[in-house]
Amino acid sequence: MQKQQEKHTKQLKKCRVLGPVATKFTGGNTGSWRLERPVVDFDACIKCGTCAMYCPTDVIEIDKNAKECVKIDYYYCKGCGICAKECPKKCISIVPERSEE
Amino acid sequence: MYEIIKDSKGTLNHGISACAGCGMELLARCVFDVLGQDIIIVIPPGCAALLTGMGTESGIKAAGMMCNLENTASTCSGIRASLDAQGNDHTTVVGFAGDGGTLDIGLQSLSGMIERGDKVLYICYDNEAYMNTGIQSSSATPFLASTTTQPAGKPTVKKDLIGIAMAHEIPYAATASLHNIADLKKKIQKAKDTDGPSLLHVLIPCPTGWRSDPADTITLARAAVNTGVWVLYEYEDGEVTVNYKPKELKPIEEYISLQGRFKKVTDEEKKEMQKIVKKSYERKIAKLEK
Amino acid sequence: MFKMLDGNTSAVEAMKLARVKVIAAYPITPQSTISEKLSEIVANGEMDAKYIRVESEHTAMSACIGAALTGSRAGTATSSNGLALMNEMIVAASGIRAPIVMPVVNRAIATPWSLWCEHMDTMSQRDLGWMQFFTQNCQDVLDYTIAAYKIAENKDIMTPAMVCLDGFFLSHSMQKIDVPAQEKVDEFLPEYELTNSYLNPEDPMFVSNVVGMNDYTEVKYQQKYAMDNAFGVIENVFDEFEKQFGRKLNIIEEYKTEDADVVLVCMGSMTGTVKYVVDIMREQGKKVGMIKIVVFRPFPYKYIYEVLKDKKVIGVFDRNSCLGGQYPPVCTEVIAAMKGADADIRDYVGGLGGRDVNPANIEKIFNELLDIYNGSSDKHTNWIDLKENPMDSREVFKYV
Chain A
0 MQKQQEKHTK QLKKCRVLGP VATKFTGGNT GSWRLERPVV DFDACIKCGT CAMYCPTDVI
60 EIDKNAKECV KIDYYYCKGC GICAKECPKK CISIVPERSE E
Chain B
0 MYEIIKDSKG TLNHGISACA GCGMELLARC VFDVLGQDII IVIPPGCAAL LTGMGTESGI
60 KAAGMMCNLE NTASTCSGIR ASLDAQGNDH TTVVGFAGDG GTLDIGLQSL SGMIERGDKV
120 LYICYDNEAY MNTGIQSSSA TPFLASTTTQ PAGKPTVKKD LIGIAMAHEI PYAATASLHN
180 IADLKKKIQK AKDTDGPSLL HVLIPCPTGW RSDPADTITL ARAAVNTGVW VLYEYEDGEV
240 TVNYKPKELK PIEEYISLQG RFKKVTDEEK KEMQKIVKKS YERKIAKLEK
Chain C
0 MFKMLDGNTS AVEAMKLARV KVIAAYPITP QSTISEKLSE IVANGEMDAK YIRVESEHTA
60 MSACIGAALT GSRAGTATSS NGLALMNEMI VAASGIRAPI VMPVVNRAIA TPWSLWCEHM
120 DTMSQRDLGW MQFFTQNCQD VLDYTIAAYK IAENKDIMTP AMVCLDGFFL SHSMQKIDVP
180 AQEKVDEFLP EYELTNSYLN PEDPMFVSNV VGMNDYTEVK YQQKYAMDNA FGVIENVFDE
240 FEKQFGRKLN IIEEYKTEDA DVVLVCMGSM TGTVKYVVDI MREQGKKVGM IKIVVFRPFP
300 YKYIYEVLKD KKVIGVFDRN SCLGGQYPPV CTEVIAAMKG ADADIRDYVG GLGGRDVNPA
360 NIEKIFNELL DIYNGSSDKH TNWIDLKENP MDSREVFKYV
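In order, the protein sequences belong to chains A, B and C.
In case it helps, numbering that gives the first Met the number 0 puts the first sequence at residues 0 to 100.
In case it helps, numbering that gives the first Met the number 0 puts the second sequence at residues 0 to 289.
In case it helps, numbering that gives the first Met the number 0 puts the third sequence at residues 0 to 399.
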């Protein structure tokens, strides 16, 4: 009981920890690795979410109400191309990075 | 408590330094999705160590530790016993190790954990070689696959992890594949709910080690099942359920032609490989459905 | 309460009194009765703990690390080859700052196969970030184990500790032991509390990920800092121990060193024999003395120097062959401690593979040291109990 109360009164405080410990949650700009990028043909997209389900970096979101219904976070997208390959409508194309299309 | 520098949708950060098209990264996301935050995850050095970041930074915002290569299961056992001693029966203890850390150097530790009946969820992401160390053969490397320690191709077939676990009469064990995420997640949930040790063996296509197109990761996972290289089944309370049986096995060519590690396989060897895969598939199904 | 206990059971009593919550132990001669006894008292409810019947010592230490980080005082014990198998996890435990206390029953590591006492097992682990306490008798085993928990778990130390007891000489010899009451130990040793790194879903952190070149040195230095500053904590804990239980614990113990012409430095169960020989030789008018090192890691340089600074001739007895080294480990440390002092320090190796360190050999050492002191001879038999013609100890028939 006393322990429980203690738990409630515990507050976040910066503490010294000895040994190897990590507590900063972050990630790298993995999008900078990309040589090719996925580009979605929104008109052909059926919003099924297959691309989002298979994306290893989990950076694809489907917004059924938006015109640009598939949002890809290019800051992290590594350009692996799984989304394009798995898309049942083949409406994602892989284009070279820094190209017009 | 984690200090959030760059947040993510799930427990795993989006900016993980796993290779493009890495199947392990996708699996890890599924695992965290299903298991939630009430977990303690144990990861040995290997590809999955990439998830744990470096220095003060971590790509995982859950309680966890990096153990040594061969003691994922034993570390989990200790954690479980400690939680039990404190009356904690809700936290999931999960080990997440590769094929080398599981089937080679970690086999004893895993066997001990299963035999003792420790309630731990153990997931083996099997990319069929020591990929993080530089694509050296493990006992999970398949027949004729070329690696940096067996460039001419491995002359023997891969070890049967779930078979070994079944010999321990493990409460729950299953194989899974990345092309069927629903099945995979269902199995993670079942494993989590098992009162005792549970084991998932997931085939993980690895673009770097298999020398395949990163875009083909899911295609390869699917092809492995359709060609009979990988069988989806569950072992639950002593009963086996084969989850999926292709009506007719696809030719092995559909699987190996997409991978550079089988590039040197001759036509003659391909025939032999096809024979072995078919025979082993049939034998496995017969044994499982006995 | 007084009980007749052997060294192994004393270690078990200490673990029980320390309220160890998770035990992972694997049997190995001569440690086996520790794992047996622990499993017995957990099974019959005498001890409230989880017992993991592990399949190896490597797993035992792995499980202890996991348990310690998850908030349970964790315990194991081992010996010889078991400690050698644990080696990798010994480094992990200290690096991860898991304050595990482990009795180690000293036994030679195979090969040659031997079941018997030698310090090679713990000496091979001496630089891996664990504290090491060497005990002389079964009371020591109990006392230093209880004290070791308090030292190891000190928030500035957070360093695991081995309590070393000589195989068979202590592990299997019955002695009269003063076993303190549970309440007295509870007053001395607080409940295990996680204050450093931990595995807790409610306050998550990631423990032991890769440390880059940019701060590995600093993380390692933290361990050195703990070792360097451990003596302050050890002294305090030993003082508290004496107040609580009435027995004095020592970092090093001097025996008739003050006016001694020559001093022999030694560790473990042999110190009893050495004291006995010192007494006899003193009666003969020979001024000999002894130092028993209890805390070998961290090494008590200053304490040793303080006692030995004016001594001209010092002998050091190692129960460990140091192959290829100029001096065996205890002697190396004493030489380093005496840097700058004008002492002739001689190394002695003996008691290997369980061979008895008998009074005759100790007397021989003292007489050699006295001759060196008097300048009458420079004879120095560094492998003290070596038989004649050791190279011919095996002669077999062969087809040649």
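It is possible that part of the hints are untrue.
What the hints assert, rightly or not - Pair ranges (Cβ atoms, derived): (1) B:289 x C:44: 36 to 46 Å; (2) C:39 x B:249: 37 to 47 Å; (3) B:37 x A:70: 23 to 33 Å; (4) C:243 x B:3: 52 to 62 Å; (5) B:263 x A:95: 27 to 37 Å; (6) A:68 x C:224: 49 to 59 Å; (7) A:31 x B:275: 37 to 47 Å; (8) B:133 x C:2: 20 to 30 Å.
As the list claims (entries may be wrong) - The following residues of chain B were derived to be distant from chain C, with all beta-carbon distances above 12 Å: (9) 37; (10) 79; (11) 83; (12) 85; (13) 115.
To be verified - Pairs of lysine to any residue, SDA-like flavour, derived with a Cα cap of 20 Å: (14) B:8 x A:13; (15) B:8 x A:68; (16) A:12 x B:4; (17) C:378 x C:305; (18) C:242 x C:204; (19) A:23 x C:311; (20) A:23 x B:8; (21) A:23 x B:148; (22) B:158 x B:148; (23) A:46 x B:37; (24) C:219 x B:16; (25) A:23 x B:242; (26) A:12 x B:191; (27) B:5 x A:68; (28) A:12 x C:201; (29) B:5 x C:204; (30) A:23 x C:325; (31) C:223 x A:12; (32) C:154 x A:27; (33) C:223 x A:17; (34) A:13 x C:223.
Simulated from the structure, these hints should not be mistaken for laboratory data.
Just so it is clear, the structure is predicted and the values come from calculations on it, not from any experiment.
Note that beta-carbon positions come from the ideal geometry of N, C-alpha and C, so glycine has one too.
Hint check results:
1. B:289 x C:44: 36 to 46 Å: Once the Cβ atoms are compared, 44 Å apart, the range 36 to 46 Å for residue 44 of chain C and residue 289 of chain B holds.
2. C:39 x B:249: 37 to 47 Å: Given about 59 Å between the Cβ atoms, the range is violated.
3. B:37 x A:70: 23 to 33 Å: Between residue 37 of chain B and residue 70 of chain A, where Cβ atoms are some 30 Å apart, the hint holds.
4. C:243 x B:3: 52 to 62 Å: violated (46 Å)
5. B:263 x A:95: 27 to 37 Å: holds (31 Å)
6. A:68 x C:224: 49 to 59 Å: The hinted range 49 to 59 Å holds for residue 68 of chain A and residue 224 of chain C, with Cβ atoms some 57 Å apart.
7. A:31 x B:275: 37 to 47 Å: holds (43 Å)
8. B:133 x C:2: 20 to 30 Å: 58 Å Cβ-Cβ, so the 20 to 30 Å window is violated.
9. 37: Non-interface label fails for residue 37 of chain B: nearest chain C Cβ at 5 Å, not farther than 12 Å.
10. 79: violated (8 Å)
11. 83: Nearest chain C Cβ is 6 Å from residue 83 of chain B, so the label is violated.
12. 85: Per Cβ check, residue 85 of chain B is inside 12 Å of chain C; nearest 6 Å; violated.
13. 115: violated (6 Å)
14. B:8 x A:13: violated (26 Å)
15. B:8 x A:68: Distance of about 18 Å is within 20 Å: holds.
16. A:12 x B:4: Cα-Cα ~17 Å, so holds.
17. C:378 x C:305: violated (27 Å)
18. C:242 x C:204: violated (39 Å)
19. A:23 x C:311: violated (57 Å)
20. A:23 x B:8: holds (16 Å)
21. A:23 x B:148: At roughly 37 Å apart (the allowed maximum being 20 Å), residue 148 of chain B and residue 23 of chain A break the hint.
22. B:158 x B:148: holds (18 Å)
23. A:46 x B:37: Not satisfied, since the Cα-Cα distance of roughly 32 Å exceeds 20 Å.
24. C:219 x B:16: Outside the cut-off at roughly 26 Å; violated.
25. A:23 x B:242: Outside the cut-off at roughly 41 Å; violated.
26. A:12 x B:191: violated (33 Å)
27. B:5 x A:68: violated (24 Å)
28. A:12 x C:201: Answer holds: residue 12 of chain A to residue 201 of chain C is near 15 Å, not above 20 Å.
29. B:5 x C:204: Holds, at about 16 Å.
30. A:23 x C:325: Roughly 48 Å separates the two Cα atoms, so the pair is violated.
31. C:223 x A:12: violated (26 Å)
32. C:154 x A:27: violated (34 Å)
33. C:223 x A:17: The given pair, whose Cα atoms are some 12 Å apart, holds under the 20 Å limit.
34. A:13 x C:223: At roughly 23 Å apart (the allowed maximum being 20 Å), residue 223 of chain C and residue 13 of chain A break the hint.
Hint compliance for this structure: hints 2, 4, 8, 9, 10, 11, 12, 13, 14, 17, 18, 19, 21, 23, 24, 25, 26, 27, 30, 31, 32 and 34 are not met, and every other hint is.
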